[in-house]
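K.L.:
Sequence:
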Amino acid sequence: MTRRSPFRVPATLTSAAAALVILSGCMTVHGEREIVPAVSKAEAAKALQHFTDGFNKANRTLDPKVNASYEAGALLSIDEAGIKAAHATRPQGNPNFPALTLKDAHFTVPKQAGWPKSFLADAVSNRKDRGGNYTRWFLVFSRDAVDAPWRAVYLSTLPDNKVPELARDADGYAEAVPAGDGPSGLAVDPDKLSRSYTDYLKTGEGELFASGPDTDLRRRDRAAKSHTVGARIQWVDQPADFPPVALRTKDGGALVFFASYYHQQKTVFKGSTMNVSAAVQGVMAKPVKQASKITLTYLTGQAVKVPAKDASGKIEVLNLIEARTSARVP
7 MTRRSPFRVP
17 ATLTSAAAAL
27 VILSGCMTVH
37 GEREIVPAVS
47 KAEAAKALQH
57 FTDGFNKANR
67 TLDPKVNASY
77 EAGALLSIDE
87 AGIKAAHATR
97 PQGNPNFPAL
107 TLKDAHFTVP
117 KQAGWPKSFL
127 ADAVSNRKDR
137 GGNYTRWFLV
147 FSRDAVDAPW
157 RAVYLSTLPD
167 NKVPELARDA
177 DGYAEAVPAG
187 DGPSGLAVDP
197 DKLSRSYTDY
207 LKTGEGELFA
217 SGPDTDLRRR
227 DRAAKSHTVG
237 ARIQWVDQPA
247 DFPPVALRTK
257 DGGALVFFAS
267 YYHQQKTVFK
277 GSTMNVSAAV
287 QGVMAKPVKQ
297 ASKITLTYLT
307 GQAVKVPAKD
317 ASGKIEVLNL
327 IEARTSARVP
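Read in order, the letters of the sequence shown correspond to residues 7 to 336 in my numbering.
One or more of the hints may lead you astray.
When the alpha-carbon atoms are kept at most 30 Å apart in a straight line, the in silico BS3-like pairs for lysine-lysine are as follows [what the hints assert, rightly or not]: (1) K320 / K117; (2) K117 / K134; (3) K208 / K299.
These aren't lab readings, by the way, just hints derived from the structure by calculation.
Since we're looking at a predicted model, the values are computed, not measured.
Taking the hints into account, I'd like the entire structure generated from these sequences.
P.N.:
Quick look at the structure:
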């Protein structure tokens, strides 16, 4: 795959990234009216470094208050819940947390008018997948105003052969697909993806989604686990209202990041109880150690490839991350 980006930081990101020279000039550009690049090279590198520093601090201290300084939207809810659960099992923190590093950074920047604005950063991490390969992290950054900080709102890990080729103009800038602002030209508009996905998981009906671990195989896995020895498990899927972010692909489709919820209710047989782990208690408003019924809520973040409306093919879920965000008992 050939990927051409207007911005590239080839070395491991350090605090020096923040010192990249900003283009000088006196012209004032109004981002709310003019179609302009969403971010400069210096700002993009600084935002990625800020994420890395915040991620490491949050995972060392296990303090969920740290997450909001570098994340927002769906990713904030996912990671904040993970830190709460970890804090419940390690209230002293995790000072030996292996620091995240990101290198070979690319920045995919669309030209946009109005707010919010967004851009995509991808970089090789020092984390390995199950096959022993270093993962490439794809982070969507967003901000709502010129004086607001850039914060990460979606995260996916994708191998290079799964990344669709994005459409770019002559200067290398990408094309953002607005959500809910007129026809998108896609098989499903970005702002309707969360509902389409959760409707499919509920019913299994329709021909929109390609087969895979997060579509038909997820439904099959749930059916197999719905009745286990001594317990019954039920699932309910629900769309999330976090704004999606979509970038046009070269073939007319789009790479779209969006979020959704699912609720899992587990009930044990009458007269018995189940133990509630410390990690689950960490996301409960009123922690309990045992229960006969419990409802767990998960937030998922998906990266999907959506075909053009007039093209063949189905929506492919490229990556999904999730976290248990809450738990409650009757």
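K.L.:
Name the hints, by number, that the structure is in violation of.
P.N.:
2
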